[in-house]
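J.: Below, each chain spelled out in residue letters.
4 protein chains.
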Amino acid sequence: MLAQSLKLGLIGAGRIGNLHAGHLTVRVPSADVIMVADVYEDAASKCAERYAIPSFTRDYREVLAQTDIQAVVICSSTASHARIIEEAAQAGKHIFCEKPIALDLASIDRALAAVERAGVKLQIGFNRRFDANYRRVRQAVAEGEIGRPHLLHIISYDPAPPPLEYIRVSGGLFLDMTIHDFDMARFLIGGEVDGVFAMAGVMVDPAIGTADDVDTAQVMLQFSNGVLGMISNSRQAVYGYDQRVELLGSAGAISIGNAYPNTAIISDSHSTRRDLPLHFFIERYTESFLSEMTAFVDAILCNVPVPVTGHDGRIPVVMALAAEKSLVERRLVRLSEIA
Amino acid sequence: MLAQSLKLGLIGAGRIGNLHAGHLTVRVPSADVIMVADVYEDAASKCAERYAIPSFTRDYREVLAQTDIQAVVICSSTASHARIIEEAAQAGKHIFCEKPIALDLASIDRALAAVERAGVKLQIGFNRRFDANYRRVRQAVAEGEIGRPHLLHIISYDPAPPPLEYIRVSGGLFLDMTIHDFDMARFLIGGEVDGVFAMAGVMVDPAIGTADDVDTAQVMLQFSNGVLGMISNSRQAVYGYDQRVELLGSAGAISIGNAYPNTAIISDSHSTRRDLPLHFFIERYTESFLSEMTAFVDAILCNVPVPVTGHDGRIPVVMALAAEKSLVERRLVRLSEIA
Amino acid sequence: MLAQSLKLGLIGAGRIGNLHAGHLTVRVPSADVIMVADVYEDAASKCAERYAIPSFTRDYREVLAQTDIQAVVICSSTASHARIIEEAAQAGKHIFCEKPIALDLASIDRALAAVERAGVKLQIGFNRRFDANYRRVRQAVAEGEIGRPHLLHIISYDPAPPPLEYIRVSGGLFLDMTIHDFDMARFLIGGEVDGVFAMAGVMVDPAIGTADDVDTAQVMLQFSNGVLGMISNSRQAVYGYDQRVELLGSAGAISIGNAYPNTAIISDSHSTRRDLPLHFFIERYTESFLSEMTAFVDAILCNVPVPVTGHDGRIPVVMALAAEKSLVERRLVRLSEIA
Amino acid sequence: MLAQSLKLGLIGAGRIGNLHAGHLTVRVPSADVIMVADVYEDAASKCAERYAIPSFTRDYREVLAQTDIQAVVICSSTASHARIIEEAAQAGKHIFCEKPIALDLASIDRALAAVERAGVKLQIGFNRRFDANYRRVRQAVAEGEIGRPHLLHIISYDPAPPPLEYIRVSGGLFLDMTIHDFDMARFLIGGEVDGVFAMAGVMVDPAIGTADDVDTAQVMLQFSNGVLGMISNSRQAVYGYDQRVELLGSAGAISIGNAYPNTAIISDSHSTRRDLPLHFFIERYTESFLSEMTAFVDAILCNVPVPVTGHDGRIPVVMALAAEKSLVERRLVRLSEIA
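Residue numbers (my numbering), protein chains in the order written: chain A, 1 to 339; chain B, 340 to 678; chain C, 679 to 1017; chain D, 1018 to 1356.
By construction, these hints were calculated from the structure, which means they are not laboratory data. From the three backbone atoms N, C-alpha and C, an ideal C-beta is built for every residue, glycine too. You may find that some hints are simply not true.
What the hints assert, rightly or not - Derived lysine-lysine pairs resembling DSS-like cross-links, with alpha carbons at most 27 Å apart:
#1 1342(D) with 1116(D)
#2 46(A) with 325(A)
#3 1003(C) with 1116(D)
#4 325(A) with 438(B)
#5 777(C) with 685(C)
#6 438(B) with 664(B)
Claimed, not checked - Partial list, computed: chain B residues near chain C (C-beta under 7 Å):
#7 475
#8 477
#9 617
#10 618
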C-alpha cells in the first residue's frame, strides 16, 4: 500500500467489472477499492469476496453516498451509464465509465454537462488506445515516421457473435462494436472525421437480422485533413479475435498484426502453421485494460488531464449514428448532419 | 521448335510489347513471332533485332495482311485498342489485347461485336489472374476452404506515379489502375458486382490534380451475392509495389502478401528488417505475364476457351465509370445505371 | 490477502532479488514476504521500502531464525548458494534458489544431501521452463505433435557481455550462460544427455579472453535416446536478446521465435522492418519469472512436488564441466567421465 | 539465336541432365546443345526429342569426338565424373561437371591435373551459390553488413531419403548431401575450414543403417579465421525441402528462410497456416540452376574465370572425408590430416 492511494467504488460486477476489480486490487498498488455495487446482489458479493473488497451493495447510490470514496468505475449496463455519470458528478466523484456513454446524444450531452458543472474528471473506457501495437502506430503518425497519412484501414472482427439478448439491447453493430474503431480512427490519425459511408449485411447469423441488426460491415471515413479511412467489421472470425491496422503514408506504411499465445511455428506433412491468435478482448487487451486504469488513477492522484475525455466518448456515437443513416440512404453522410 | 507452333504478330513495341516479345520468343516454345509493328519504326526495328523476329513495320495493317499470321498481340496505346481489335477480327486473326479495351463502352461494344461476328478468340491482358498468389485465393474460394466469402479487401499501390503526360491520356485512376482490381474482385469472388461507392483525393502530387485526376482512392463494392468488397489504391507507396488481398469468409480467412527478391532477414542494432518488395509489375508479375501468354497460345492451338474473355474486359470498364459517377455524386452507384 | 498465505524471506536484494520481490509482493497474492536480507544493508533497506516488506537485515541468518518464515528465496551471489541452502534446510525452510547451485559438484552434493535430510522442498530458478514459447515446444514433444525428436538447436545470445568483474567470478560461459540451455535441452527432450562436444572462442571482446573465459560457443549434445542437440551461445547479439529453439522430428518440426514489444511492421523507401526484440531477460521472461514463483508458492501451500528439482539443478553443472573438458581435449566427453 | 553461341554436348540424360537440357535449349539463348549421350540409349533419345537436340548417342566418347562441340556438361553417374573430365580435357573441351568430382582424392587430383594441362575451363555444379537467398547472405558478409561473422548455422534437410540403391553408391551422407553445405560454408564465409567434428545417427530409416550409412547428422566447423560453423542434415523433413542459413556477426545477424509456392496465409478454426515450402531441389533451385549454366556459358564465350572452380570441387570432398573420420574417432579432425 503506498502512502498516497485512491479510494474507489466499483459499479457493476459483470465480466468487465470483475476484470477491472482484479486489476485495481492486485496490479494497481495506488488504488483501494472499498465498495462494489451490482443490481444482482450475488454478483456484488462474489466480486467482493474474490478481490477482498470490504463492502458490497445492490444499490450504486450507496457507493455514491460513501464520503471517503473519491472515484467510481462504472461498468453497469449501457442504459444506466449516463444517469450514473450525472449522479456521480453531482456527488463529486471522479468517474471512469465504460463505452458508450449512451446510445443517444441528448443523454450524453446531459451527462457531460453535469461532469463539467461538477468539475470532476471523466475518463471513457476506450482501452485499445493503451495497447502497445496501436500506440506504436500512433507514435509513427505523430513522429512523421511514415510521412503524412493517406489511407487508413482498421480490421476489427470478433471471434463469435454475442448472445441475441445482448444484441437486442446493444444499440446495433455501429454503436456496440464499430464504436471502438471510430475512436481508434480519431486516435491514430489525430484528427476529426467529416463524413462516413457505410454498407453492411447479415452474413453470420440470420437471427441477427431478425433482431434488426447487421453482423458484417464496412465503413468509409473522410477525415477533415483529407485522409481516407476504412473500417471492416465482422461479428465472427472463426479463427479468433482479429484486430489489426494498416496505414499508408507519404513516406511509408505501418501495419500491426494480431497477438498470439506463443511464437511457435509447427510444420508437418500438411502445412506450416501456428496456434490461433489470442481468442478475445480479455486475453488480447489485458495489459491495455491495466494501463487505462493505471492512467485513470494517476490522473486523479496527480491531478493531470485524463487521456480519454467525455468529448472522446461522444464523437464516436455521432459517427455511429451517421453510419446508420448512411446505411439507409446509401450516400455519404456528414457528421454535421447528426449533431 | 515443336511440331505445332502458332504464328504471331506483335502490334506495339513499347515496354509491355517487349516484355511479351521476350516471353513469346524465348519461353513459349510453341509460339513463333514473325512480325512486329510500331508506329515508331525504330522501336519496331529494335524489338525485332533483340528477339530475332524476322520482320518489322511501322504499320500494324501489314501485320494483319500477313496470311500466315494466325494471331496478334495488341500492345499499342489504349486509344487504338478497339479499332485494331475490329480490324484484326475482320482479318480473321485471334487476338490478345492489353487492358483496357477502350475508355468508352460504345467502342468496346463495337469491338466485341466484330470479334463475335468473326468467330475469333479474344483474350484480355488481366495478367494478375495468373499470379500464383491470387490463384491461391481463388482456389480457396472455389473449394470452400474459408467457407462463404464475406469481406474482400484488395490493396493495390504503385511504387510511383507515371509521368504526367501518361496520366493525361490514361483515362483516370479508375480506368487505368483500379481496372486491374475491379477484374481481380470479380475473379476472386467468382461473381458480379451490383454497385460501387468511391472516394478519392490528390495526396501524392498536386500536379495530378491539375491534370484532373486523383492519385489515392478507396472503392467499396457490393456484390450481387452479398459479399462486400473494398479496393485501396495509391499511385505511390515509396517502399515499392504493394499488391495484396485479404478475404474473410464464414469458415476462415485468407490473405496474400507481397513478393520479395529474397527471404533474408537482417537484424542490427537499429531494427530487424528485410529488403523491399519487388519493385513494380515487371518484376512482380513476370511469371504471370508468361502464363497468360502460354494460356493464350494454348487456347488457340488446342481450340479451347480463352481464360479472360472480352466480356471480362468490358465489365471492369463499367465498374470504373460507375466509380467515377459515385465520386461526383457521393452515393452508391448501381452498375445498371451505366450500361 | 487470501486465507492461506505463505510467509517468505528473501535473501539477496540485487537485480534478480528485487524482481522476485516485486512479483511476490504485488502479483502472487498468496505470498507474504516478511523479511529481506542483503550483505549490503542499504540494498536490503531499499528493497524493503519499495515493496513494503516489514523488516530487513544484512545477515541472512536472521531470516533463517525467524520461526514464522516458512520458505526462503535465495538470490545471493553464486558462491553462497550451496552454504545457504544447507543452513536453510537445517532451519526447516523450503527453498527457492537461483541457478547455479554451485560451481563445483562437491558443494552441490552436500547441499542436496542437506535438503534431503531435512525433507524440505528445493526449487531451482530455471525460469525459462515457464515461458509460453518453450512450454509450447515441450508440449509438441510430449504429445508427439512432431513425431520422435531428431535434431534440436537452441540459440541463446545475450545483447551484451556483463561487466568483466562479473565474468571473473561467473564460473565461465558454460556455467554461467550455457547452463540455462543445458537445462532447456533436458526439459524439451524429456531425456538425458550422454556426451558433449564444445568449441568456443573469444570474438566479442578480447578482455574476456584475458579474463580466461570465452564469449562465443557451440556445444553439441548426444542424448541417450539418440537425439542430437546443438547449443549456440554468444555474449553479444547487438540487436538484443536472441532466444530461440528449433526442433526437427520424424513427423515435422517446431520452432519458436523472439518476443517483441509490438507487432508493427514499418516500410519506408529503405526497408521493411520491425522494432528490435525485447532487450534482455527482465523484459523477455517477466511472465516466466512470475510463473516459476507462483509454482513454488503453490507447491508448498498445496504440498505437491516442485517443477524444477535439485537434481535438475545439478545435471546442467555436470554438462558444463564436461563441455569445459571437451573444449580443452577437442573430443566428445561423456558425462560419466565427470560424475 | 545470337550471333555468338556456344556449341555444347550433354553427357548423362537422367533427371539433372534433362533439367540442364531444358535450361540450355530454352532459356540460355547463347547455348546450342548439339548432342546428348547416355549409356541408356533410350534416355538419350528421349532427351534429344524433348529438347530438339539434333543428335544422340549411348557413347559419351562420340560427344568428345565432335570437333564443333566446344564444351561438355557432365551429368553422368558420380563414378564416371573424374574419368570423363580427364578425357574431355584431353579432347580440349571446356567442362561443366556435377558434384562431387569423385569420392576419392586421387581421382580428383588426376582429373584436375588433366584440366590444368589442357588449359580448359572446369566449373563444378554447386548451384546453390547462385540462389538469390544465399547470395544475399554472401553479400551481407562481403559488405560487412553484419560486421565480422561469428557463428554460422546451415540447415539442410531433404524431404525424403533417396532409394536405397542410390544410397548404396552415393558415397554416404557427407559426400552426397553435406557436400553442398560444406561448399556453402566456404562460399558464405569466404574462408577456409581447418577442422571438423561430426555426430550422426540412423533416425529416419533403419535400412539406411544396414546400407552402412547415416541419415541424420550435425557437423561442427572451425574456420581458420575463427568463425564457428554448424551444419544440420536430415534425409527427411516431412514438410519438404528445408534450406536455410543463420549467421551471427559482430554488428548483427542475417538469416534466410525457405521458398514457398505462394504467400497465402489461411486461418480457420484450427490454426493459421501456409502451404508447405517448395518440395525439393528441382522446384527450389530452378533459377539457380539456370544462373549457373548461364554463368558457365558466359565464362567461355567471354573468356572469364568460372565462378566455381575445380579447387572448389575438391575441398568439400576433403571436408566430407574429415567428417567421416571424426564420426568414427569422436574428436575434432583437422583437414590437414586428410590431404
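J.: Now tell me if each hint is right for this structure.
T.: Outcome of the hint check:
1. For the hint pairing residue 1342(D) with residue 1116(D), the CA-to-CA distance comes to about 21 Å; that is within 27 Å, so the pair holds.
2. Restraint check for residue 46(A) and residue 325(A): not satisfied, since their Cα atoms lie roughly 42 Å apart, outside the 27 Å limit.
3. For a cut-off of 27 Å, the pair hint linking residue 1003(C) to residue 1116(D) is broken: about 38 Å separates their Cα positions.
4. Under the criterion of a C-alpha separation no larger than 27 Å, the hint pairing residue 325(A) with residue 438(B) is inconsistent with the structure, at around 38 Å.
5. As the CA atoms of residue 777(C) and residue 685(C) are separated by approximately 22 Å, the hinted pair is consistent with the 27 Å bound.
6. A threshold of 27 Å between alpha carbons decides the hint, and for residue 438(B) with residue 664(B) the separation of about 21 Å falls inside it, so the pair holds.
7. Below 7 Å, beta-carbon pairs count as interface contacts, and residue 475(B) has none with chain C, the closest being about 21 Å; its hint is therefore violated.
8. Checking residue 477(B) against chain C by beta carbon gives a least distance of about 26 Å; that is not within 7 Å, so the hint is violated.
9. Interface restraint check for residue 617(B): the shortest CB-CB distance to chain C comes to about 12 Å, outside 7 Å, so the restraint is violated.
10. The interface hint given for residue 618(B) is violated, since its Cβ lies 11 Å from the closest Cβ of chain C, which is over the 7 Å cut-off.
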